[in-house]
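A.B. asks: Just so you know, the protein sequences line up as chains A and B, in that order. Last residue of the first sequence: number 112 in our numbering, and the count goes up by one each step with no gaps. Last residue of the second sequence: number 751 in our numbering, and the count goes up by one each step with no gaps.
Hint data in this document are derived by calculation from the structure and do not stem from the laboratory. Where is the CB? At the ideal position from N, CA and C, for every residue including glycine. Accuracy of the hints is not assured; some may be wrong.
[Unchecked claim] Only part of the chain B face toward chain A is listed, based on derived beta-carbon distances under 10 Å:
| hint | residue |
| --- | --- |
| 1 | V651 |
| 2 | Q652 |
| 3 | G654 |
| 4 | A657 |
| 5 | K680 |
| 6 | K696 |
| 7 | V725 |
| 8 | S731 |
| 9 | G738 |
| 10 | F741 |
| 11 | G744 |
[Said to hold, decoys possible] Quick list of in silico lysine-lysine cross-link-like pairs, DSS-like style, CA-CA up to 30 Å:
| hint | chain 1 | residue 1 | chain 2 | residue 2 |
| --- | --- | --- | --- | --- |
| 12 | A | K10 | B | K675 |
| 13 | B | K675 | A | K45 |
| 14 | B | K660 | A | K45 |
| 15 | B | K706 | A | K23 |
| 16 | A | K72 | B | K709 |
| 17 | A | K10 | B | K680 |
| 18 | A | K37 | B | K709 |
| 19 | A | K10 | B | K696 |
| 20 | B | K743 | A | K68 |
| 21 | A | K100 | A | K23 |
| 22 | B | K660 | A | K100 |
| 23 | A | K41 | B | K709 |
| 24 | A | K42 | B | K680 |
| 25 | A | K100 | B | K680 |
| 26 | B | K675 | A | K37 |
| 27 | A | K20 | B | K709 |
| 28 | A | K45 | B | K743 |
| 29 | A | K68 | B | K696 |
| 30 | B | K675 | A | K100 |
| 31 | B | K695 | A | K10 |
| 32 | A | K68 | B | K660 |
| 33 | A | K72 | B | K675 |
| 34 | A | K23 | B | K675 |
| 35 | A | K20 | B | K743 |
| 36 | B | K709 | A | K42 |
| 37 | A | K42 | B | K695 |
| 38 | A | K42 | B | K706 |
| 39 | A | K45 | B | K695 |
| 40 | B | K743 | A | K23 |
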Amino acid sequence: DTAVSQTPKYLVTQMGNDKSIKCEQNLGHDTMYWYKQDSKKFLKIMFSYNNKELIINETVPNRFSPKSPDKAHLNLHINSLELGDSAVYFCASSPRGSKAFFGQGTRLTVV
Amino acid sequence: GENVEQHPSTLSVQEGDSAVIKCTYSDSASNYFPWYKQELGKRPQLIIDIRSNVGEKKDQRIAVTLNKTAKHFSLHITETQPEDSAVYFCAASNGGGADGLTFGKGTHLIIQP
């Protein structure tokens with residue numbers, strides 16, 4: 002009965018590849034997010050989606066693109082992967098302006 | 639944009655003692671301040687939050703205080719236990735919008751037996 006679930010949990014891929022991470026929430030929340038946690042554990046927001054509209058887009062490379070087929074899903078596509086993209090990516094959801102619930106994370110390793 | 643500073647980066651306390659983690663924020667429009675606990679290899683989990691119209695909130699051994707004028711807020715954990723060992727993150731947001739959370743850099747709390 003997981004509230005926010007993302008797949009895969011681990012992703013190992015070569016430089017230059019394109020990959021996707023999927024996220025689903027069953028909480029009925031309006032807003033979904035993608036956060037990146039780097040090797041120093043610093044958590045930084047990448048994207049926010051509210052009712053299928055991109056609300057904010059932090060200064061991330063345009064190789065990263067969020068796609069939301071519906072209110073319960075927010076997938077992250079990454080093109081031309083680079084070594085520096087290695088990190089843990091967390092999906093989250095919240096009612097507007099309130100508590101955010103995180104998925105279990107996807108550890109991306111680019112080799 | 640918002641900037642959140644968190645101190646200390648590492649905190650070691652004896653089991654049973656209290657722990658205090660402090661954060662400051664820069665954007666006076668921020669009005670929602672959650673605290674997350676992250677155990678090794680796990681997701682961040684919300685442990686307590688406070689809104690700007692409240693000065694203090696308590697939940698069992700955990701309390702959060704907020705000073706809007708000084709733009710700082712603190713997490714207090716009393717009677718610490720080994721299971722409190724984790725990384726704790728403070729965060730801030732303008733709760734009226736969907737602009738996400740700006741996190742501090744985290745505090746690694748170590749409870750010594």
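A.B. asks: For each hint given before, does the structure comply? Return the numbers of the non-compliant ones in rising order.
C.D. replies: 1, 2, 3, 4, 6, 15, 16, 19, 27, 29, 31 and 32
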